[in-house]
Amino acid sequence: NAGVTQTPKFQVLKTGQSMTLQCAQDMNHNSMYWYRQDPGMGLRLIYYSASEGTTDKGEVPNGYNVSRLNKREFSLRLESAAPSQTSVYFCASSGRTGGDTDTQYFGPGTRLTVL
Amino acid sequence: QKEVEQNSGPLSVPEGAIASLNCTYSDRGSQSFFWYRQYSGKSPELIMSIYSNGDKEDGRFTAQLNKASQYVSLLIRDSQPSDSATYLCVGDSNYKLTFGKGTLLTVNP
Numbered sequence: 001n002a003g004v005t006q007t008p009k010f011q012v013l014k015t016g017q018s019m020t021l022q023c024a025q026d027m028n029h030n031s032m033y034w035y036r037q038d039p040g041m042g043l044r045l046i047y048y049s050a051s052e053g054t055t056d057k058g059e060v061p062n063g064y065n066v067s068r069l070n071k072r073e074f075s076l077r078l079e080s081a082a083p084s085q086t087s088v089y090f091c092a093s094s095g096r097t098g099g100d101t102d103t104q105y106f107g108p109g110t111r112l113t114v115l
Numbered sequence: 001q002k003e004v005e006q007n008s009g010p011l012s013v014p015e016g017a018i019a020s021l022n023c024t025y026s027d028r029g030s031q032s033f034f035w036y037r038q039y040s041g042k043s044p045e046l047i048m049s050i051y052s053n054g055d056k057e058d059g060r061f062t063a064q065l066n067k068a069s070q071y072v073s074l075l076i077r078d079s080q081p082s083d084s085a086t087y088l089c090v091g092d093s094n095y096k097l098t099f100g101k102g103t104l105l106t107v108n109p
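Taken in order, these protein sequences are the chains called C and S. The letter at position 83 of the first sequence is residue 83 when you use my numbering, and the numbering goes up by one with no holes. The letter at position 93 of the second sequence is residue 93 when you use my numbering, and the numbering goes up by one with no holes.
In isolation and in its complexed conformation, chain S is listed as follows (with noise of 0.2 Å):
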């Protein structure tokens, strides 16, 4: 059984803060990684794919993946309110996606 698995969240940062999102994955297999958020009530945007070990930066995201220790993060920079959503870990293996069962993410002014 292919698994995502991130931290559990809830997670509270404060306006301009740094919040760190986490999750490990289990399939060796799995060569691209993804960042979903979504807010409440909407479907998954995508916000960052890496594909190779070390960090991607882009803006206020960064991602970083280490496929020895099977982690995927994100972080984001100078958080705002409009960052406070679910943030979904997400895994490929043979193009069929496992995702994580989110962290919900809340900044607050």
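Chain C extracted, bound-state conformation (with noise of 0.2 Å):
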């Protein structure tokens, strides 16, 4: 039982190159999420995906898409990068839709630099 796992873990990408973060779980959790993490700037929701199918902007959608692939897999992709978007990346998955909130688990993260 690997939890969420995220690949690749670390990635250098010239100013407008395009890439995409894979992230993946196996504890059959209907929400995913992709955050960004910043010094000084704590975490902060890029898009979650609330069930298989469904997938919404959260506070910083600019620059990014995703896809979730099937129940398993969530992507988030960089079409043209920008130095702004260096950062670390973490996925998370949780177990419940709709008003509740489970906990969420973190992948492992991947630390991105765009030069």
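For the record, the hints were derived by calculation from the structure and aren't laboratory data. Think of the CB as a built atom: it goes at the ideal place given N, C-alpha and C, for glycine as much as any other residue. Honestly, I wouldn't trust all of these hints.
What the hints assert, rightly or not - Which chain S residues face chain C? A few, computed with CB under 7 Å, are given here: (1) Ser43; (2) Pro44; (3) Met48; (4) Phe99; (5) Lys101.
What the hints assert, rightly or not - Below, simulated BS3-like cross-link-like pairs (lysine-lysine); rule was C-alpha separation at most 30 Å, straight line: (6) S:Lys2 / C:Lys57; (7) C:Lys9 / C:Lys57; (8) C:Lys57 / S:Lys42; (9) S:Lys67 / C:Lys14.
Claimed, not checked - Residues of chain S clear of chain C, computed beta-carbon distances all greater than 12 Å: (10) Pro14; (11) Gly41; (12) Leu46; (13) Lys56.
Could you use the hints to bring the two separately framed chains together as a complex?
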């Protein structure tokens, strides 16, 4: 039982390049989330998926797209990377949908640098 | 704008002391609150959740919630060097979490 896995762990991009961050969970959770964490800013929600087939914007969605490929997998795409997207990206999942929050379990993170 | 504000820290306590971490929140619609711990270079992990006014104890940890004052706190008794980490106060509203910026706690042997 691996929990939440993310690939890659580290990535360096040049401005304008594109890439996809992958996330998968094996806990049969309905909800999945993408966050970014910057020094002094805390974690900020980029996009979330309350259930398979749905996605919604979070606090900082600009410059990103997401795909909920199936119940297990939720990917984050940067179409044209910018230096402002240099950050640590965390994927998380939780068991519930609707108005209740269950514990969110986090992946190990992807450290992205955009030059 | 929903906000969770934490005391800025850093907080340094000697081993065996009580560490007190505090936060306030702006969204009166928040129903659930969480404390996550994050070691340097690692991902956040949940240590406590609290949903009702009052205290909730789990081992050396006690979470306190006062919805009227919009205040959440975490007490760590008998602090250990292994408790040294950043503690994130988190509020929930409609299953979206709002994270505070964190308080860095250092427990000195």
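Verification of the hints:
| no. | hint | result |
| --- | --- | --- |
| 1 | Ser43 | holds (4 Å) |
| 2 | Pro44 | holds (5 Å) |
| 3 | Met48 | violated (11 Å) |
| 4 | Phe99 | holds (4 Å) |
| 5 | Lys101 | holds (4 Å) |
| 6 | S:Lys2 / C:Lys57 | holds (15 Å) |
| 7 | C:Lys9 / C:Lys57 | holds (24 Å) |
| 8 | C:Lys57 / S:Lys42 | holds (25 Å) |
| 9 | S:Lys67 / C:Lys14 | violated (47 Å) |
| 10 | Pro14 | holds (27 Å) |
| 11 | Gly41 | violated (8 Å) |
| 12 | Leu46 | violated (5 Å) |
| 13 | Lys56 | holds (14 Å) |
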